Structure formats: C-alpha cells, structure tokens
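Protein chains in written order, with this note's numbering: chain A, 1 to 332; chain B, 1 to 669.
Because the hints were derived from the structure by calculation, they are not lab data.
Note that the structure is predicted; figures quoted are calculated from it, not measured.
Glycine included, each C-beta is placed from N, C-alpha and C at the ideal position.
Do not rely on the hints blindly, as some may be mistaken.
[Claimed, not checked] In silico SDA-like pairs for lysine to any residue, Cα to Cα no more than 25 Å straight-line: (1) 40/A x 574/B; (2) 596/B x 41/A; (3) 538/B x 558/B; (4) 538/B x 510/B; (5) 40/A x 596/B; (6) 193/B x 65/A.
[Claimed, not checked] Chain B stretches covered by chain A per the calculated footprint, using a threshold of three residues with CB under 8 Å from any CB of chain A: (7) 105-117; (8) 135-144; (9) 185-199; (10) 330-340; (11) 530-539.
[As the list claims (entries may be wrong)] Listing some non-contacts, in silico: residues in chain B with all C-beta distances to chain A over 10 Å: (12) 36; (13) 99; (14) 318; (15) 396; (16) 502.
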Amino acid sequence: MRGIEARTAGTGLRHRLRQRFAEWVSRRIPPARAVTLDQKRIFIFPSRTGLFFALCLLVMLITAINYQNNMSFALTFLLATLFVVGVLHTYANLSGLTIRALRASPAFPGQQSEFSLQLERGRQREHFGLHLRWPGSSDAWVNLTDQDSVQVHLHMPVARRGWYSPGRLLLESTYPLGLLRCWTWIDLDLYALVYPQPLACPELPGLATDQPDGAAIPIVGSDDFYGFRDYREGDSLRQIHWKGLARGQGVQTKQYGAYADRSVWLDWDMFAGMGTERRLSHLCYWALQFESRDEEYGLRLPGLVLEPGSGDRHRDRVLQALALHGIEGRPR
Amino acid sequence: MKPDEQIPRNALVWIVISLFTLVAPHAQRIPLWILGVYVFTAFWRIMVYQGRWSFPGRWVKAGLIVSCFAGIYLSYGSLIGLEPTVALLLTAFALKLVELARRQDGYVLLFLGYFICITEFLFSQDLPIVLYSLLNVTVITTGLVALHRPGENQFNRKTIRLATVMLLQALPLMLVLFFLFPRIGPLWTVPIKSHTAKTGVSDFMKPGDISRLGKSDDVAFRAEFSGDIPNAADLYWRGLVFSVLEDGAWRSLRYYNIPASERRPQPVDTSGAPLAYQVIMEPTQQNWLYSLRYARPVTPGVMTGPDYALFSPGELEDERLYTVESWPDAQLELELSPWRREVELRLPEGDNPETVAFARRQRAQADSDAAFVEAVLERFTREPFAYSLNPPLLPEINPVDAFMFRSRTGFCEHYAAAFVVTMRAAGVPARVVAGYQGGEINPVNRTVIVHQFDAHAWAEVWLAGQGWVRVDPTAAVSPDRVEWGLERALAGEGSFLRDSPLSLLRYRGVAWVNTLRLRYDALTYRWQSWVNGFNRDKQFQLLNDVFGGISARKFMLVLIGSWALILGPVAFSLLRRRERRAGSPADRHYLAFCDKLARAGVARQAGETPEQFAARAARSMRPLAEQIEQISRLYSALAYRPAAAADGRQATLERELGRSVRRFRPGRR
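Chain A extracted, bound-state conformation (with noise of 0.2 Å):
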C-alpha cells in the first residue's frame, strides 16, 4: 500500500514538475503564428553522445598522463576544444531560423491532420538535420541548403470535434558533431479542425424539402446534362469536364438541369431529444450523404442557417458549422 501511495506522490510529483515546466516555457516562448529562433528559446545541452564522447576524452587523457606523453595532452585538449567550439556550431544550426505556421487539414476525429510549417532560413547559409515533430506526430528530417525555405508536413491523429491543437512542436538538431543537442520547444499558433464523427442513422426523420418552382434551373448536383460553363471556384471537381480540359478548351464545369425540387434542409431539430454530439454527428452523417449523391442540401442550426447548395467549398462550410457548434472561437 505504502508504495502504490508513494508512487501516486511520485508522479504527482512529476505530474506538478511537468506542468510547472509547460508553464516556464509559455512564459518563455509564447504562442505565435511565426517564431525566429533566438536565445531565448534555444537550449543546448551534450547529447548522450556527447557524454560518451567526454568518457573517451578522459581515458585520452589518462593515457597522456600516464605515458606524459605532450603531443597526447596536445591532441586531447584539441578534442575538447572542438566540444566546446561545437557549443556554437551547434547553437548556430538552429539559430535565426524561422517556424511559420501554414495550415492544418481538417479531420475526422481519428484520422490523421496533416500540419504543414515553413522553416525559413536563418543567419548560416546551411542548416542541416534539423527533426521536427509534435509529441504522438510522425517527424521529419530537413536540410536546408540550396533553398531560402521549405516546407514540411506532419502527420498526427486528432481526437475530439472542435480545434484540435497539436501542442508543443519540438525542433531539435545535433549537427555537426552530434556531441550536443539543441532544441526548442515552440507553440505555433496552428489548429486543425476536427469535424464530428459521422454517424449513420437510417432514414432522415421529417425529411424538410422547398417546395418545387416548376422552373427548370440549372442547378449543380442534378442528374441530366444542360450543358457548360466556365468553372468557378467552388464547383465540384466531379463536375470539371475533364475531357474538354485534356482537349486545351480550358477548365468547364458541366452543367445539369433539373428541377429545384430536391433541396433538402438539414435540421438541428431534426434529431429532438438526442444529445448535442449525437446530433451533429447524425447532421454530419448525412450531409455526406446528400454530397456524395450530388444533392442541394441546406443546414440549420441554432443561430445558423446555410442556404442549400453542394459542391466541396459548401460540404467544408458545412462541416465546419457543425465541427466548430457550441465552441467559442479559436483557442488561445
């Protein structure tokens, strides 16, 4: 028993040194949409390559010693020298680098974000080995040598609907001789979006549809071909006449008539009596639906109401209103 509580301390312990820590750091490196690496958020210490390689300096020089051997005293100093020399080498890898955040790809909880940085160059004309990941990301490996810039993707599962914040991004490096570590822990101002977790249900209960105009309209989704139009930004790229465009004729959106009979309103009252997520994700679920099919559909929510309509720009507008519902602005 004794122990299991002295354990519990322990990593309470811990738990209060970590946070304690997390919050020095934000102290220190607060968040931003783009960092330039100074000394106030570099740190550096000997890798443990570094301290193995220190164990070697120390049998050099006992060897110097016991043989009183000058040139071995010589040599061994050189080496440590380089060491320290290293410090700065080290330092100057990351130093006057650039982090900006670019953007993260939406996600359905428990799939992968993709969290796209440009790491801009700093004060040397060659930055090598630079590895950067979030905690729980994939990592990547950047030189940067004959460009000014360059960008790197990371992958990384999100959870939860709403913004997904990765945390801190750990960018660390131990070139040139890899005896020191340099790293810096950065919290960039860069969220993904978590979509709700789609979630069947058999039939749309109190299916609201526009009554029919009798006006045949070309509208986008339809089943019978009217004919084209240049694209604009928006249609969906199911519609982009692919052929005309591997004829050179430019990008077209085909067109089709239909009767505007079909829209459909998806409704927050829709699900009545089920809980807030339990909602969404049934309005998710068939707002995929509808946009696989190529159907209007429109969106109600509690103090929101998209206009129906289809395509991807709509499906992500969609997505979004109900990814981002009850939650207030961006973290920050």
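Place chain B on chain A using the hints.
Okay, now just chain B, sitting in the frame of chain A:
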C-alpha cells in the same frame, strides 16, 4: 531504420578514407596481414553499399574477431605490451567497419579513430607525424560532420571545410589549455613497448657490430652546447664501458657482479669551468646515455655508473632530453682498487698466444706503460693496417692474432679490441669504450648531429698518476676518421652509405639539398627539445615568468579570459546577422526602413508592394504616417520610375531617401 540512424553515403566515404589514413603511419610496425584486414573490410563494406553483399551475421562476426585476436597473439607472441594493444585497436577499428550500419556505430568507429591518433604519438612525436595526425583528426571530424547531414548521398569534398574551420577555431583554445593544464605524474604503470627493436650501440660488442651501425644514416642524438663546440677530434661520446671479454665478445660488468664497495664511482676533481650541453637522444629501447667524459648529469633521473658512464634506469622508449656538465680534463680513478685492477686485466686463458707474446715483448722493451702504449700505436701506423667498413671475417679461434698478424684490416672495434687485449696481456689495465665519435655541426642552430655511422669504439688504459686515459688506436690507423669523420675516412673505399642510395647525407655536396636538410634538422631539434622538454618544471617556470606566480584564481581568470577572447570573434562570425543586401543604394535604404518597421512590430509581408505596405504601416502608426508615406514615395520614384529619376536628380533623391530613413524612428515594440 529511422532516417536519423542511417549513415549518409558521404559519411561512409569519409569514414573509409579515415580508415586508411589512420593505419598508414602504423603500417611499419604492425604485421602485414592487418593491412589485409583493412582492405578486406573496406571491400566488404563497399559491396554492402552496392547491395551485392550483406552485413556479416553474428557468427561470422564472432569468427572474424576470434581469428584476428588469434592472429595478433601469434604475430606478437602475447597480447600484453603496447604494440599488441595498438594492433588490437587497429584491427577492431577495421572490423567495426563491416558492421557500420547505424549512426551509433559511426560514433564508436570515429571515437576509436581519435584514440588511434593518440596511440601513434606513443611511438613518435616527430613534427611530420604530428602534422599528419592533424590531417587524420580533420578527416575523422569530417566523417563526424558528414554523419549529421542526412540525405547527402554523394561524396562531398567540401564537407572537410567545416571540420577544418572548427579545428582551426579550437586550436588556440587548445594551446591555452595545453600550457595551463597542470601536469601530474603517471597515475599507474602502463604497457611498455615490448616489440620495438633495440637500436644504436648494443650492450655487448663482437667484431662487426659497430661496422653494421656504420652503414646507417639514422640520427643517434643531437647535442647543443651552451658555449663553444669543442673540436670534432675531441668529441668522444662515451656510452658503454666494456670490461669483460667473454666468448669472443666484449661486454660491461653486470651490476650484481660488482662488489658493493665498488658500485659508486670514485669522486672526481671538478675544478674549472665545465662544458655544458643538452642532449636529445632518439629512442633506443636501451639504457645508456651518451656524454663527454667526465660528465655530471644535471637532469634528474640520469645516473652515473662506477665506470663514469651515464645511464637511465628505464629504457629509452621515447626521445630523451638531458642536460650534462663535462670536465674533459678531469682525471678519472687515480687510485685503482685491487678488484678493479684484476677485472681490467683479465683475459681468457690461452687465447691469442701470438698477441700475448708480442705484447710481453714490447712491454719489456718499453720504459713505462705510457711508452708501451706509444709503441703499440706506432706499430699500427707503421705496418700496413687498413681501415675498412667491410673487413674480412675473422676466425672464431684467436681472432686478435688473425687480425694483428694476418688480415690487418678492420673497423674501429677490431682496433680497440686488439689494442686492449695487447695492453692486458702486458699487464696494463685497459678496457674498451663504445659510443660515438665526432658528429656533424649544423650551422643553422649550432647543434651537433650524431648519426649512427658515427658509432665508434676506442680504448681506455689506466696509467699511474693519470688514471684512465683515452687511447684511440683507430686514430693511429686512420687519422681522418677522428678529424673529419667516417665519410672522409672511407673515401678511398667508397663504402660510405653505399646501401642507402636515397640518404640525403650522400648529397651533402649539393648546396641546396644540404641547406634544406640542415634547416629541417634544426627544426626537428627545436621541436624535440620543446615537446620533450615541456614538463612540470618548465610549465611552472613559464607560468611564473608570464603571469608572475600561479594561483587557482589567476589560473581560472587566464583560462576564462583567453577563451572568451578567442570564442567571442568566433561567436560573432557565426551569429551575426547575415547581410544579403545587394542592389542599388535605394534598395539598401528601403530595406533598412523595412527592418526598422519590423522591429517596431510591422513586418512587410511576402508579395506586399511598397504602397500596400506603406498604407498598412501608416494605419498602424498614425503619428508617423507622413514620414512612412514620404519614404515609400521616394523609394517608388527611384525604383519603379527610373526615367523620372534619371534626369540628374537620382543622387539627390537617394540622399533624401537615406536621410529620411535615418531620421525615421518608430521605436521598438
């Protein structure tokens, strides 16, 4: 395997290069098959790299290790001693290459490489070796750098640049540490060189031993006199005293054969100014040290034997520096003890009957011992004796008889031995002394370079009232040998350095070759006296002279101060803002303006035109709006409407822009 654990191909190439540069200076002292292991493992690793072979399995590796261990044991006869240890390290270094797969293996290999550099110094600290080791360290460091450049999969010569820069930056720091780091004595005894051949004069002498040395142009030692250099004919570098003739060979008395009362040398009258000089001996793996008699060592750790020869208790594994004072005219051992007299007269019973008879006859005709000595020397001069580096072989039985009365051709050891046998047969105490005679004076730094071919043997006879007197029978046969050295003495025979066609000494006649050789020798001497001479005492003296006394506080201050002085510029050059400002003066002024705004919290974004930026900046700092817009206007006029600015107003506009930017002070956020 994670990318950080992989070995970039560039690193692999550098590691293979370091492998061969490291083993090269050791090649002369390791068995040939170890070089075979190097070639084999490098070949294997390259095959792995090309994807044709795979890394060795566990059993293959174990087999390789065991067979290499066994090979070293068989080659050296043991695994103990410095040479087998170094051979083991070198083999381990080569074998590690075939399992070089991850970065960690690279670290082990390269750190081992650094250590192998150190072991090279245990054999030689000569300047070329030191410079070569510096190259080795650079190559190893390059390997280390290349190891941390992921994705560099082509050999890149330029990788060496960073390693060189870092080492050059470390070098001054190293020098500070080298002079300041306190030197302490050895912590424990370490493996010694057990497999290095002994060189120089050996501890016994048979006919032919010295003449063998006469064919070598290696340097035996160098001496530097604090005053004038004595005449070449007086430079008799005394090393060993051979008092015992046994089984046809001359040897020294063994320490345990000397009665306790005879073990200390008799005191010598040392009045008058001594000759003071410093000697640096090349390693011989033997104990004797050379000096002009009568010599009193100044350097601690140098002993004087009962026959006034100097020796070191430990074998000379490395170069040895010692300082000596000599009184050439001092009389040695004026009173000869009965034991000593008996020893110095002893001859094998019944050997060389002709010589013994001749000696007794001659002694009977002479008035005194001194006259007898003269008579014998005179016979060497009168009769057709010849001095030769390649004398005919003497028979095993009665060799002195054969030499004195038949062959009459010999090198110094034949004359010395024959002379001493003659003396002893007539009842005059005598002994053979081996060492070097003469030497080459280097005009560059006034040192005396003594080569192996200066090896010499002469005699000492004990005369009442004079003690031990040096007699050189070779001088009677070939006065040139003593006056001018071996080359002149062998001029007729043409045998000087016949077997070393590449020896620079053979080209002494070519002025520039000789000048270069002597300059290089002077450098070698200077380096040796510095490297071998810098010890605790010298360090103490140096620090005392430079800093006036040493305290821990001062020590730290000097260390930290000098390091800061060196590291400051290095840090500055590494971390200063990189100027990539090219272009027109207008561009430079405008970029300075952008920098000021950026520091104030308004940074120009990519793709923003000067107008857009100015508008945004003006919005966010209203009080400065006018200035911002003016600067932006000026710049636009200069940069985008060159026609408008070309009518002689360009310079004015540029000055105006520069002034405005300098006056613009948005402050810092």
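Comparing the hints with the structure gives:
1. 40/A x 574/B: Holds. Residue 40/A to residue 574/B sits at ~17 Å (cutoff 25 Å).
2. 596/B x 41/A: 23 Å, holds
3. 538/B x 558/B: Holds - the C-alpha atoms of residue 558/B and residue 538/B are around 18 Å apart, at most 25 Å.
4. 538/B x 510/B: Violated - the C-alpha atoms of residue 510/B and residue 538/B are around 39 Å apart, more than 25 Å.
5. 40/A x 596/B: 21 Å, holds
6. 193/B x 65/A: 17 Å, holds
7. 105-117: Our answer is that it holds, as 5 residues pass the Cβ test (under 8 Å) against chain A, meeting three.
8. 135-144: holds (count 3)
9. 185-199: Three-residue rule met by the region 185-199 of chain B, so holds; n is 6.
10. 330-340: violated (count 0)
11. 530-539: Satisfied; 4 residues make the cut.
12. 36: 28 Å, holds
13. 99: Given a closest Cβ separation of 18 Å, the condition holds.
14. 318: Non-interface label fails for residue 318/B: nearest chain A Cβ at 8 Å, not farther than 10 Å.
15. 396: 44 Å, holds
16. 502: Non-interface label stands for residue 502/B: nearest chain A Cβ at 27 Å, farther than 10 Å.
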